[in-house]
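Protein chains: 2
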Amino acid sequence: MSGEFNFIEKIRRRSSQSGQRPAVIPDLHLGIGDDTAVLGEESGRETLITVDLLVEEVDFRLDYAVPRWLGHKALAVSLSDIAAMGGDPRFALLTLGIPPSLISGERNGAEHFWEEFFDGYFELAERHGITLIGGDISAVPAQMTIDSIVMGHSRKGHAVRRSGAQQGQAIYVTGEIGAAATGLRLLFAGERANQSERCLVQQAIRAQLAPDPRVEFGRRLGRSGLVGAMIDVSDGLAQDLHHICNESRVGAVIDAGELPVAPCLDLLGLEQAQRLALALEGGEDYELLFTAARAVEDQLREMAGPDLRLSRIGTIVDQDSGNSAILIRQGDEHPHPLKVRGYDHFSR
Amino acid sequence: MSGEFNFIEKIRRRSSQSGQRPAVIPDLHLGIGDDTAVLGEESGRETLITVDLLVEEVDFRLDYAVPRWLGHKALAVSLSDIAAMGGDPRFALLTLGIPPSLISGERNGAEHFWEEFFDGYFELAERHGITLIGGDISAVPAQMTIDSIVMGHSRKGHAVRRSGAQQGQAIYVTGEIGAAATGLRLLFAGERANQSERCLVQQAIRAQLAPDPRVEFGRRLGRSGLVGAMIDVSDGLAQDLHHICNESRVGAVIDAGELPVAPCLDLLGLEQAQRLALALEGGEDYELLFTAARAVEDQLREMAGPDLRLSRIGTIVDQDSGNSAILIRQGDEHPHPLKVRGYDHFSR
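Chains as they are written, first to last, in our numbering: chain G, 1 to 348; chain A, 1 to 348.
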């Protein structure tokens, strides 16, 4: 039949090849191919749902994109939201707005682009047990758009909200911060992905183009019931911590020296203050930022395992209504208010 | 704070003003404002989920759009998918890609556009008891994009699939067909919406710009358990019936004289054959097309009520593998194969 239905049929088949057979997936009663997908429900459980829009020229550029990594990232950003609720991601829907240059059948490499894109998408999906159950596609006149929807589960009452931070809890962040922002600057400066190299430049670019969401650790944190508040670092650590403080009506004091600033930031040759600002304000790290009692830190580290860095970066304090919600301490200095800046889609 | 967060906060408030208070909505455990929304589950129930992408210059044009109706349509197209499963729509998420001309704060009418847009969106949401629980927004360089997600429920095993049509069942369609396609032609020819007029031209334009999904009737059909297969007429009746035949492995015979062709098609001055083709191939009617035993027709008509037209347009027959799946009969003629054409996003 037509191009549009061929394309959908290809995705449907590709999805089945990934071992994503509806018949054997619990709770999947109907996947791609009808007016809606149909999922089973279970009492004592909650459904989590999130959606993320990625737009060409705003969130990515085709001149530096690695199609496989773009497919990976489309799913990764939404998996990260489920992880940030302590949930168990299960199902995905994907909407694609496809520009003329990427409509296949024109011998323009589009076929290859989509094969790579879906290789990246399904590779990540399989790794975490996610099944694609629906979506929509449309031609678009210009920029490519990707809308990524992920659904997951958590035990009733166990979803970790932004509003649960309490005075006295420690603040933790996984991995390193600032690498994705560094990667973006390097891409803008003309560097490109080169999968054969393992240098800092490539680490930064990979952090930007193919972030690894903390799915398994998020799931464990949710089940443990040990976490106060959690969010993923997508808008920049300062802004995301501000969201937690705001929703929890608390303040925070951060130790600058404890921030796990990615080593690749050194590539940019910034002065110390600018380097710290980029680490705090650069977005898209997709690390988990959460609060928990100091007393359970050993348990947290055991859950994180030997391969996932976990840094205690500060403490939740009483809200001081007269001042900024977040203070930052550098060395022995008196803490000073942290300016909260992050990414704003409308300010560009 | 920033423009992006202001915009989201406005939608959140607008959503609450609509009486959409999370505290009093069953199963809504957490709405807009965290990493994900959180919904309660219930055993014996199924979750239905659908997503529809609407793209400026492809699915609508701002030069003829009525902002209020665009907001209405964004939700309507997804409600229609839930109705087509016989489900009960409950929750919505909305993703907006906003072009520079519609970013507010520039005294360019954007503020007014979004007020009207959300008036239309929430008016329809309230009418059917839908709560907005999440979404995403981004600036886009050029065309506006809308991705509309709706979730609903049905009793376990009661979702009506495309694959349930059986030989001997009658084929029914609600309302009239071809009005939306007529409206689109009139808009392309320079006609515009004028809410004060009630003429055929305005009926056709309204069918295109502000379709009314058959939410309540769909819900009743699903609960009744009387329906074999169902789909909504979005790609054109011929193509949508083809989907049913394909998934159910059956054929169909249609009586041309029984098709509820919208009177406004006469405005286009087409010859009989072209008129019939437009009614069968013109998309976006958002009527329900379904199969059921003739024996329950009285019950179906009672469920439809006095205000919703219900037409029996043909019969499901055995699949004749040598021929086209769908035959059409005109008057006393021998039935002939129906060409299946509909809207293909990639063929333009």
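Bear in mind the hints are in silico, worked out from the structure with no lab data behind them. Just so we're clear, the structure is a prediction, and the values are computed from it rather than from any experiment. Warning: the hint list may mix true and false statements.
Here are the simulated DSS-like pairs of lysine-lysine, each with C-alpha atoms no more than 30 Å apart in a straight line [said to hold, decoys possible]: (1) G/K10 with A/K339; (2) A/K10 with G/K339; (3) A/K156 with G/K156.
Evaluation of the provided hints:
no.	hint	in the structure
1	G/K10 with A/K339	24 Å, holds
2	A/K10 with G/K339	24 Å, holds
3	A/K156 with G/K156	20 Å, holds
Checked against the numbered hints given earlier, this structure breaks none of them.
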